[in-house]
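The whole structure should be built from the sequences, with the hints applied where relevant.
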Amino acid sequence: MDRGLSRVLFVDLSAHRAHVEERPELFRARLGGTGVAIELLHELCPEGADPLSPENPVILAVGPLSALFPLASKTVALFKSPHTGNLGESHCGGRSAVALRLAGYGAVVITGRSDIPVYIVIEGGKVHFRDARALWGLSSSFTVGRIIWERESGSGFRSILRIGVAGENLVTYANVVAESYRHFGRLGLGAVFGAKRLKAVVIIGKGRVPVADGPRYSRLYRELHGRAVRSELFKKYHDLGTPQNVRPLNAIGALPVRNLRENRYPDEPPFTGERMAERYLGRRLACAGCPVACIHLAALREPYPDEPFFYKTTFVSYDYEPIYSLGTMLGGQDPEGFLKLMEAVEHLGLDAMSCGVVLAWATEATERGLISGADTGGLVPRWGDYGVYIQMARRIAAREGELYDLLARGVAAAAARYGGQEFALAFGGNEMAGYHTGPGAYISHLMGARHSHLDSAGYAVDQADLREGRKRSPGELARALFAEEARRQVLSSLVVCFFARGLYDLGTASRCLSVLGEDWDGEGLRTLGEEILRRKYAFKVRAGFDPGTLHIPARIAETPTPFGALDPAYLREAIAALEALLVPSE
Amino acid sequence: MAKRLSVVDVDRCVDCLLCAFACARRFGEGGLAGSAIAVRSVGGMERGFVVIVCRACADPSCMAACPTGAIRVAEVGVRVDLERCTGCGKCVDACPIGAVFWDGERGKPVICRHCGLCAQFCPHGVIAFVEVPRG
Numbered sequence: 001m002d003r004g005l006s007r008v009l010f011v012d013l014s015a016h017r018a019h020v021e022e023r024p025e026l027f028r029a030r031l032g033g034t035g036v037a038i039e040l041l042h043e044l045c046p047e048g049a050d051p052l053s054p055e056n057p058v059i060l061a062v063g064p065l066s067a068l069f070p071l072a073s074k075t076v077a078l079f080k081s082p083h084t085g086n087l088g089e090s091h092c093g094g095r096s097a098v099a100l101r102l103a104g105y106g107a108v109v110i111t112g113r114s115d116i117p118v119y120i121v122i123e124g125g126k127v128h129f130r131d132a133r134a135l136w137g138l139s140s141s142f143t144v145g146r147i148i149w150e151r152e153s154g155s156g157f158r159s160i161l162r163i164g165v166a167g168e169n170l171v172t173y174a175n176v177v178a179e180s181y182r183h184f185g186r187l188g189l190g191a192v193f194g195a196k197r198l199k200a201v202v203i204i205g206k207g208r209v210p211v212a213d214g215p216r217y218s219r220l221y222r223e224l225h226g227r228a229v230r231s232e233l234f235k236k237y238h239d240l241g242t243p244q245n246v247r248p249l250n251a252i253g254a255l256p257v258r259n260l261r262e263n264r265y266p267d268e269p270p271f272t273g274e275r276m277a278e279r280y281l282g283r284r285l286a287c288a289g290c291p292v293a294c295i296h297l298a299a300l301r302e303p304y305p306d307e308p309f310f311y312k313t314t315f316v317s318y319d320y321e322p323i324y325s326l327g328t329m330l331g332g333q334d335p336e337g338f339l340k341l342m343e344a345v346e347h348l349g350l351d352a353m354s355c356g357v358v359l360a361w362a363t364e365a366t367e368r369g370l371i372s373g374a375d376t377g378g379l380v381p382r383w384g385d386y387g388v389y390i391q392m393a394r395r396i397a398a399r400e401g402e403l404y405d406l407l408a409r410g411v412a413a414a415a416a417r418y419g420g421q422e423f424a425l426a427f428g429g430n431e432m433a434g435y436h437t438g439p440g441a442y443i444s445h446l447m448g449a450r451h452s453h454l455d456s457a458g459y460a461v462d463q464a465d466l467r468e469g470r471k472r473s474p475g476e477l478a479r480a481l482f483a484e485e486a487r488r489q490v491l492s493s494l495v496v497c498f499f500a501r502g503l504y505d506l507g508t509a510s511r512c513l514s515v516l517g518e519d520w521d522g523e524g525l526r527t528l529g530e531e532i533l534r535r536k537y538a539f540k541v542r543a544g545f546d547p548g549t550l551h552i553p554a555r556i557a558e559t560p561t562p563f564g565a566l567d568p569a570y571l572r573e574a575i576a577a578l579e580a581l582l583v584p585s586e
Numbered sequence: 001m002a003k004r005l006s007v008v009d010v011d012r013c014v015d016c017l018l019c020a021f022a023c024a025r026r027f028g029e030g031g032l033a034g035s036a037i038a039v040r041s042v043g044g045m046e047r048g049f050v051v052i053v054c055r056a057c058a059d060p061s062c063m064a065a066c067p068t069g070a071i072r073v074a075e076v077g078v079r080v081d082l083e084r085c086t087g088c089g090k091c092v093d094a095c096p097i098g099a100v101f102w103d104g105e106r107g108k109p110v111i112c113r114h115c116g117l118c119a120q121f122c123p124h125g126v127i128a129f130v131e132v133p134r135g
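Quick mapping for you: the protein sequence lines, in order, are chains A and S.
Every letter in the first sequence is one number past the one before it in the numbering used here, and letter 225, counting from 1, is 225.
Every letter in the second sequence is one number past the one before it in the numbering used here, and letter 62, counting from 1, is 62.
Honestly, the hints are just simulated from the structure, not real lab data.
One or more hints might be untrue.
Claimed, not checked - Straight-line distance between alpha carbons at most 30 Å, and here's what the computed BS3-like set of lysine-lysine pairs gives:
(1) Lys-108/S - Lys-3/S
(2) Lys-3/S - Lys-90/S
(3) Lys-90/S - Lys-108/S
(4) Lys-3/S - Lys-126/A
(5) Lys-126/A - Lys-90/S
(6) Lys-312/A - Lys-340/A
Claimed, not checked - Ranges between beta-carbon positions, derived for each pair:
(7) Ala-29/A - Gly-28/S: 19 to 29 Å
(8) Gly-28/S - Glu-302/A: 23 to 33 Å
(9) Glu-523/A - Gly-28/S: 25 to 35 Å
(10) Arg-84/S - Arg-526/A: 48 to 58 Å
(11) Gln-120/S - Gln-391/A: 47 to 57 Å
(12) Arg-146/A - Gln-120/S: 49 to 59 Å
(13) Arg-526/A - Pro-96/S: 47 to 57 Å
We treat Cβ as the ideally placed atom computed from N, Cα and C, and that holds for glycine.
Encoded structure:
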C-alpha cells in the first residue's frame with residue numbers, strides 16, 4: 001500500500017492549525033473509507049457530544065482503490081448526525097476522492113469551531129485557512145463554488161466542497177455540495193460544517209499513487225474497465241441515469257406518490273427517465289475515474305417575464321431520488337416546476353430527499369387542517385404547486401418562524417408539535433428514500449448502517465425477492481439484509497461506488513488489493529464487512545439508538561407494497577432478528 | 001503509417017478523466033503526476049470541458065524554447081531527453097495550448113508520446129488515435 005493512504009490530516013478549526021498522523025495499522029486492518037472512518041469516529045467523537053458542538057469531528061476518508069480503479073470515485077463522510085443524533089454517514093462522488101488521494105491523504109479529520117467563517121484549502125502538504133466572511137450568507141452554493149474556483153486557481157486537480165445558507169443556519173438536513181452537482185446529501189453534514197463556521201473545503205491533489213505490481217495493475221484495470229463498459233449497469237445508468245428507475249417502480253406500485261398516499265401514477269409519471277431525457281437532457285457528467293457518467297443535467301430554458309426575447313438557460317442535475325422526493329412525493333405533474341424547485345434546493349444546500357418528504361408532510365397537514373396559513377406565513381401548499389414549494393424551501397433554509405424552524409429539523413420534529421405522526425415519513429429520525437418496495441426497504445431505513453438510499457440494501461433485497469417470487473420469514477429477511485449490508489461495508493471501505501457492486505465481488509476486490517501489495521481473501525473481506533457493520537451499529541447504540549423505541553408511521557402499512565400491505569408485527573420481528581446479528585453475543 | 005492522438009469531439013467529454021489515468025498507467029502507477037493529457041472545465045462543469053494534449057506540431061514551440069536541446073522532433077510529436085533536461089520549465093511556458101505538463105515531484109516536463117493508450121480507455125469517443133496524413 002502506498003504510504004500516502006495511511007496519512008490522516010487533522011484540521012483544528014479553533015486553533016487554525018493542522019497536523020498529520022501516520023496510521024498504517026488502522027488502514028491495513030480496515031482498508032479505508034467507512035472501515036477506517038468508523039474507528040476514527042469512535043476514537044475522536046466524545047460520548048454524549050452535541051453534533052453541532054466543536055467536538056463533533058467530520059471525517060472524510062478514501063480507500064486503497066480510490067483514484068486507481070474504475071468507479072472508485074467516492075469519498076465517505078462520517079460524523080455524528082444533527083438530524084438523528086447518532087451515526088451520520090454520507091458518500092459523495094465528483095472529484096473529491098481523487099483529489100484527496102492525490103493530495104496524499106487517506107483521511108481528513110476536521111474538528112473545532114473557527115472564530116470567523118473560513119474555508120480551508122488542502123494543498124501540497126499544507127492547510128490554508130482563508131477568510132470566508134464575504135461568502136457567508138451568499139444565496140447560492142453555486143456562486144460560492146464559482147468564487148472559490150476563481151480564487152484558488154493554481155495548478156492541480158481540485159475538488160470544492162461547500163455549504164449553502166441551509167448549512168449556515170444549521171438546518172439539520174443541510175448538505176454539502178461538491179462540484180455543483182454531487183453531494184454529501186444526507187444526515188446533515190452541511191449543518192456540522194455550518195456549526196464549525198466552515199463554508200468550504202478545497203482539496204487540491206497532483207501527486208502520483210505508487211502501485212506494488214504495476215504491470216498486473218494495468219492488466220487488471222483493463223479487464224475491469226472492459227467488464228464495466230460492457231455491463232448492463234453501464235447501459236442503464238449511462239443512457240437515462242438513475243431516473244430510469246421511475247418507470248419500473250411505478251409499474252410495480254413501489255413509487256411513493258403524494259406523501260405515499262398512492263404507490264403509483266395512474267398513467268405514465270411525468271418524470272420518467274425517458275421523458276426527462278427527451279425534453280431536458282442537456283449534458284452528462286462523470287465522477288473522476290468512472291466511465292458510466294450517470295450524472296444527468298437538464299437544460300432549463302426560461303424566458304424573463306419582463307423583457308421579450310430574453311432567456312436564461314440553467315443546468316439542473318436530476319436523479320432518481322430527487323425526482324421521487326421533489327417530484328412524485330409532491331404529486332407533481334410539471335417537470336419544469338420540479339426542476340426549478342430542485343435548483344432552489346441546490347442553491348440553498350438542502351438534502352433534496354428530506355426536503356421533499358418535509359414538504360409532502362406539510363401539504364397533507366394543511367389538507368387535514370393541522371397547520372394553517374397562520375403557521376405557514378400565508379403560503380398554502382397544494383400538491384404539485386411548485387411556486388409555493390420554492391418559497392417554503394427558502395423559508396425552511398432561513399428557519400423563519402416556528403413552523404419553518406421545526407420543518408428545518410425534519411418531519412418527526414414538525415409532527416411532534418403539530419400532529420400527523422402517522423403520515424410523517426421519517427424512520428429513526430430520517431426521511432424515507434424513494435422505495436416503497438416492501439419490508440426490506442423499511443427495515444433498512446429503521447436499522448440500516450446508513451440511512452441513505454444507496455446503502456439501503458433493503459430495496460435491493462425486496463426487488464430480488466419480488467422477481468423470484470420469494471417470501472422470507474422475518475429471521476431470513478434479517479439475515480439477507482445483514483449479509484448484503486456487510487458486503488456493502490467492504491465496498492465503501494475500498495472505496496467504490498455502490499453502482500459497481502456487481503463489478504467488485506469479493507474475489508475481484510481481493511485481486512485489486514493484491515496488486516497493491518495487500519493480502520486479503522474473499523472470506524477475510526466478508527468477515528471484515530461484518531465487523532465494520534457492527535462497529536457502526538455500536539456507534540449508534542452508544543449515541544442512544546434503541547430499536548425498541550422506533551416509530552413506524554401507519555402510512556407505510558396503509559398503502560400496499562408490491563408484496564401487499566406491510567405488517568408492522570413482521571417488521572418488529574425482523575428488526576429484533578437484525579439487532580441480534582448486529583450485536584455480537586460475547 | 002504513423003498515428004497521432006487527436007481530440008475529435010470535445011463536446012462528448014464527461015470529465016471522467018479515464019484518459020489521464022490511462023496515461024499514468026504507462027508507468028504502472030496511479031494519479032495524475034505523470035500524465036501528459038488533462039481535462040479542464042471551461043468555467044463551470046455544465047459549460048463543458050477542454051482536453052489538453054500535445055498536437056504533434058511540425059515546428060514545436062517547446063523544442064524551440066529548450067536551451068539545452070533536450071527536446072527533439074520524433075516521427076510523431078517530440079521526445080524529451082531527461083538526462084539533458086535541466087528542468088528550467090521554458091518548454092511549459094512556450095507551449096501556447098498548455099500541453100507541456102510538469103511533474104512537480106520530479107521537476108521535469110511531461111509531453112504526450114502519441115502512444116494511443118488513452119484513446120483505448122475513452123468511453124465516449126472524445127479522443128482517437130488517428131493516422132497522420134503524409135506530406
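Against the structure, the hints:
With a CA separation close to 25 Å, the supplied pair Lys-108/S and Lys-3/S stays within the 30 Å bound. Simply put, Lys-3/S and Lys-90/S have alpha-carbon atoms about 27 Å apart, close enough for the 30 Å limit, and the pair holds. Annotation: proposed proximity of Lys-90/S to Lys-108/S holds, straight-line Cα distance about 11 Å (limit 30 Å). Restraint check for Lys-3/S and Lys-126/A: the C-alpha separation of about 42 Å exceeds 30 Å, so the hint is violated.
Taking the CA atoms of Lys-126/A and Lys-90/S, the gap is about 27 Å. The hint holds against a cut of 30 Å. Using a Cα cut-off of 30 Å, the hinted pair Lys-312/A and Lys-340/A holds, with the two alpha carbons roughly 13 Å apart. The supplied range of 19 to 29 Å is met by Ala-29/A and Gly-28/S, whose beta-carbon atoms lie about 27 Å from each other. Between Gly-28/S and Glu-302/A the CB atoms are about 50 Å apart, so this pair departs from the stated range of 23 to 33 Å.
For Glu-523/A paired with Gly-28/S, a C-beta distance near 29 Å keeps the hint of 25 to 35 Å intact. Between Arg-84/S and Arg-526/A the Cβ separation comes to about 54 Å, which falls inside the hinted range of 48 to 58 Å. Between Gln-120/S and Gln-391/A the Cβ separation comes to about 51 Å, which falls inside the hinted range of 47 to 57 Å. Remark: the range hint 49 to 59 Å for Arg-146/A to Gln-120/S is contradicted by a beta-carbon distance near 35 Å.
Between Arg-526/A and Pro-96/S the C-beta distance comes to about 55 Å, which sits within the given range of 47 to 57 Å.
Violation of the numbered hints given earlier is confined to hints 4, 8, 12; the remaining hints are satisfied by the structure.
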